[in-house]
Amino acid sequence: MGEKKVTAPLPGTILKIKVDVGQKVSPRDVILIIEAMKMENEIDASVSGEVKEVYVKERQTVKTGAPLVSISIS
Amino acid sequence: MLEQFLEAFQGIGILNLTWGNMVMWVIAFALLYLAIKKGVEPLLLMPIGFGIFAANFPFTGLMDKGGLFYIFYHYGIENELIPPLIFLGLGAMTDFGPVIANPKTFLLGAAAQIGVYVAFFMALLLGFSIPEAASIGIIGGADGPTTIYLTANLAPHLLGATAVAAYSYMALVPIIIPPIAKLLTTAKERAMVMKQMREVGKGERVVYPLLASIVIILLVPKSAPLIAMFMLGNLFMESGVVERLTNVSREALINIVTIILGVGIGATMSAENFLNPKTIYIFILGVIAFAFAVAGGVLIAKLMNLFIKNKVNPLIGAAGVSAVPMSARVVQIMGREANRDNFLLMQAMGPNVAGVIGTAVAAGVFLNIIK
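Which chain is which? The protein sequence lines are H and P, in order. For the first sequence, position 39 (counting from the first letter as 1) is numbered 39 according to the working numbering, and the numbering increases by one without interruption. Plus 1000 on top of the position in the second sequence (first one is 1) and you've got the working numbering.
Next comes chain H alone, as it looks inside the complex (with noise of 0.2 Å):
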């Protein structure tokens, strides 16, 4: 049914990940969390599915718009 991929919605640092590849998720699951300026932003997956794969590892800056994990939607 698709896939989906989560992008970072602002710049920072991978905190922690908090999903793994197969892993269910449901839209207000927090996959991951980015450090920015100091604050910790929880990043959602938006949808519900399963993790198929993870770009990012932790303590990894990603820039806004990289790909970070994408869930094939059921």
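Note that these hints are calculated values from the structure, not bench results. Glycine residues also receive a C-beta, built at the ideal position from the N, C-alpha and C atoms. Treat each hint with caution, since some may be false.
To be verified - Result set (DMTMM-like, lysine to aspartate or glutamate): computed pairs, CA atoms no more than 25 Å apart in a straight line:
1. P:Lys-1188 / H:Glu-53
2. H:Lys-57 / P:Glu-1204
3. P:Lys-1311 / P:Asp-1341
4. H:Lys-57 / P:Asp-1341
5. H:Lys-63 / P:Asp-1095
6. H:Lys-38 / P:Glu-1080
7. H:Lys-4 / P:Glu-1041
8. H:Lys-63 / P:Glu-1041
9. H:Lys-24 / H:Glu-53
10. H:Lys-38 / P:Glu-1003
11. P:Lys-1311 / P:Glu-1337
12. P:Lys-1038 / H:Asp-44
13. H:Lys-57 / H:Glu-42
14. H:Lys-18 / H:Asp-29
15. H:Lys-63 / P:Glu-1007
16. P:Lys-1302 / P:Glu-1251
17. H:Lys-5 / P:Asp-1095
18. H:Lys-24 / P:Glu-1204
19. H:Lys-38 / P:Glu-1041
20. H:Lys-52 / P:Asp-1341
21. P:Lys-1195 / H:Glu-50
22. H:Lys-5 / P:Glu-1204
23. P:Lys-1037 / H:Asp-29
24. H:Lys-16 / H:Glu-53
Unchecked claim - Computed list of chain H residues with no C-beta within reach of chain P, every gap over 10 Å:
25. Thr-13
26. Gly-22
27. Ser-26
28. Met-39
29. Glu-58
30. Gln-60
With chain H's structure known, arrange chain P on it following the hints.
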């Protein structure tokens, strides 16, 4: 023999401690408590609190001409040395990217200065002199060093009150902004996601501090000490070739002068200076200035939206209240409350940074007119 003994005895501090001294101690302990237990601006309130405490012992001579705290105050603050050095450090940690990517946000930083002028006129109505009113109004800009710079210049007897008011209200940004910003916006406006910002290149970043200096200092010459140092610090950082100067400006230097600044300000707070009705008015006017600054930013953002194509979320106007990056964080939290997928943090940094510059310019305008 006995006389000498009596004289020595009378020179003992404890017999000469006044009620005023002890009340100031209570204030000092309250500030230290807030700093240590509540984490309220500890970097500033701890030196200020201890400065008050130490300066309110009898017979120390700390604030007499040539005394240690006098030297801190006279050379560091009265001669206006330290606030510009702090601006050097702030410049070396400020990212102008969001302003360069979205220059409209500069207007929002300027709009928040409305609070400064509202409080200025209210202070005049309450019977404060023009220089005093300007020093009180500038609290609304939510910028500590600028408030100190202007007050030291125009109304040094109010320094303790305006500095403590400015730093206390900055710490209260998360409490002051939300109710006002909510009152002036609809849930739909707050939920609005803004267009992503473009990338800003290195060339633009290097040229920006020079260009901004030309425009601002030509327009408001008296803002030069603060603006020039801020832009120098920013050039250090963005040029990328003087990492040592960048780091020392934003770490060691700013920390060293902050200690001297805090103690020097605390030391000006004697009972006569601080325990009078003026101080209460200053705190009341300060919070009014803050409230109008928030409202000004939000309302101008809404006004701007009537004319521009890429609309802004009016919440980011509230970040025109400098207090970097606290106001931007508050805006981010409020935007997200309205819409889980809304990330305004970087967008809010534009007005936030512009607010710092705007307050320094407002101080320059006062100096141009009054001095």
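These are the hints, each one checked on the structure:
1. P:Lys-1188 / H:Glu-53: violated (34 Å)
2. H:Lys-57 / P:Glu-1204: Violated. Lys-57 of chain H to Glu-1204 of chain P sits at ~31 Å, over the 25 Å cutoff.
3. P:Lys-1311 / P:Asp-1341: holds (17 Å)
4. H:Lys-57 / P:Asp-1341: Given pair Lys-57 of chain H, Asp-1341 of chain P holds - Cα atoms ~22 Å apart, limit 25 Å.
5. H:Lys-63 / P:Asp-1095: Holds - the C-alpha atoms of Asp-1095 of chain P and Lys-63 of chain H are around 15 Å apart, at most 25 Å.
6. H:Lys-38 / P:Glu-1080: violated (31 Å)
7. H:Lys-4 / P:Glu-1041: The given pair, whose Cα atoms are some 43 Å apart, is violated under the 25 Å limit.
8. H:Lys-63 / P:Glu-1041: violated (30 Å)
9. H:Lys-24 / H:Glu-53: holds (12 Å)
10. H:Lys-38 / P:Glu-1003: violated (64 Å)
11. P:Lys-1311 / P:Glu-1337: holds (20 Å)
12. P:Lys-1038 / H:Asp-44: Roughly 31 Å between the alpha carbons, so the hint for Lys-1038 of chain P and Asp-44 of chain H is violated.
13. H:Lys-57 / H:Glu-42: This hinted pair holds, its Cα atoms lying about 16 Å apart.
14. H:Lys-18 / H:Asp-29: Holds, at roughly 9 Å.
15. H:Lys-63 / P:Glu-1007: violated (72 Å)
16. P:Lys-1302 / P:Glu-1251: violated (38 Å)
17. H:Lys-5 / P:Asp-1095: violated (29 Å)
18. H:Lys-24 / P:Glu-1204: violated (44 Å)
19. H:Lys-38 / P:Glu-1041: holds (16 Å)
20. H:Lys-52 / P:Asp-1341: Cα-Cα ~21 Å, so holds.
21. P:Lys-1195 / H:Glu-50: violated (28 Å)
22. H:Lys-5 / P:Glu-1204: violated (31 Å)
23. P:Lys-1037 / H:Asp-29: violated (34 Å)
24. H:Lys-16 / H:Glu-53: holds (16 Å)
25. Thr-13: Its Cβ never comes within 10 Å of chain P, the nearest being 13 Å, so this holds.
26. Gly-22: holds (24 Å)
27. Ser-26: The assertion about Ser-26 of chain H holds, with a minimum of 13 Å to chain P.
28. Met-39: Met-39 of chain H is in fact no farther than 10 Å from some Cβ atom of chain P, at 5 Å.
29. Glu-58: holds (20 Å)
30. Gln-60: Answer for Gln-60 of chain H: holds, closest chain P Cβ roughly 18 Å.
The structure fails hints 1, 2, 6, 7, 8, 10, 12, 15, 16, 17, 18, 21, 22, 23, 28 (numbered hints given earlier, in ascending order).
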